[in-house]
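Enquirer: Here's the letter readout for the chains.
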Amino acid sequence: KAGVTQTPRYLIKTRGQQVTLSCSPISGHRSVSWYQQTPGQGLQFLFEYFSETQRNKGNFPGRFSGRQFSNSRSEMNVSTLELGDSALYLCASSLAVGGASVSEAFFGQGTRLTVV
Amino acid sequence: GENVEQHPSTLSVQEGDSAVIKCTYSDSASNYFPWYKQELGKRPQLIIDIRSNVGEKKDQRIAVTLNKTAKHFSLHITETQPEDSAVYFCAASGNDKIIFGKGTRLHILP
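Protein chains in written order, with the numbering used here: chain A, 67 to 182; chain B, 3 to 112.
It should be emphasised that the hints constitute simulated quantities derived from the structure, not laboratory data. As the structure is a prediction and not an experimental result, all values here were calculated from the model. Any given hint could turn out to be false.
[Stated by the list, open to error] List of simulated lysine-lysine pairs, DSS-like, C-alpha gap at most 25 Å:
#, chain 1, residue 1, chain 2, residue 2
1, B, K73, B, K60
2, A, K79, B, K44
3, B, K104, B, K24
4, B, K99, A, K123
The task is simple: from the sequences and hints, build the whole structure.
Expert: So, in C-alpha cells, the structure goes:
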C-alpha cells in the first residue's frame with residue numbers, strides 16, 4: 067500500500083509569508099503527527115491529529131497550526147514566517163486507536179522549507 | 003512535562019565493534035518503545051520496537067532492552083557495519099502520546 071505522502075518536497079518562502087504543507091497518511095491510519103527537524107535539535111513535536119481533532123500539541127507558537135480532514139489527510143500552516151522556521155517538516159501516520167498505546171509511526175519524506 | 007533523554011548525541015565506533023545508545027523516559031504510562039534509524043537525506047524508519055511486557059528483543063545484529071522500573075531502554079548494535087552509520091532516535095509512547103529523544107549520530111569508522 068502507498069506510504070505517507072508529503073507535498074511539496076521543497077519550498078522557499080520569504081520572511082513574513084505564510085505556508086501550508088500537506089500530508090496524506092497511509093490508508094486506514096487515523097493519527098497524523100507533525101515534527102520539525104533541524105540539525106542538532108532532533109524531532110521537535112508540533113501536534114497530533116486524530117479523527118479531525120488535535121489531540122496533542124507541542125511547545126510551538128500559535129503561528130504554527132494544523133488541521134485534519136475527514137479522510138485523515140492533514141495540513142500544517144505556518145504564518146508570518148521567520149528565518150528560524152527553516153527546517154525539514156516531517157509528518158507521521160499511525161493506526162493509533164484512541165485510548166490505546168501508540169503503534170508504529172510511519173514517516174513521510176518531509177517538506178524542506180527554506181525561509182529567506 | 004514528559005520527556006525522553008537520549009545519550010550520547012554522537013557516537014563513533016570502529017567497524018565490527020558494538021554500539022550502545024541509551025534512553026530514559028519520565029512518563030510511567032509509556033508502554034511502547036520504538037527505535038528509528040534515519041539515514042542522510044531519508045525519512046526515519048522503524049528498526050526495532052519493544053513493548054512494556056518484554057524485557058529484551060533481538061533482531062539479527064540489533065537488540066533492545068527495557069528496564070521499566072528504572073525507566074531505561076537501550077539499543078545495542080553488534081558487529082557494526084558501514085551501513086549502520088545514521089541518526090538513531092528512541093521514543094516512548096503511551097496515553098496517545100509519543101515522545102522522541104533528540105537522536106544519536108552514529109559514525110562507523112573504517
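Enquirer: Could you run down the list of hints and mark each one as holding or not?
Expert: Hint check results:
no.	hint	verdict
1	K73(B) <-> K60(B)	19 Å, holds
2	K79(A) <-> K44(B)	23 Å, holds
3	K104(B) <-> K24(B)	12 Å, holds
4	K99(B) <-> K123(A)	10 Å, holds
Every hint, counting from the list given before, is met by this structure.
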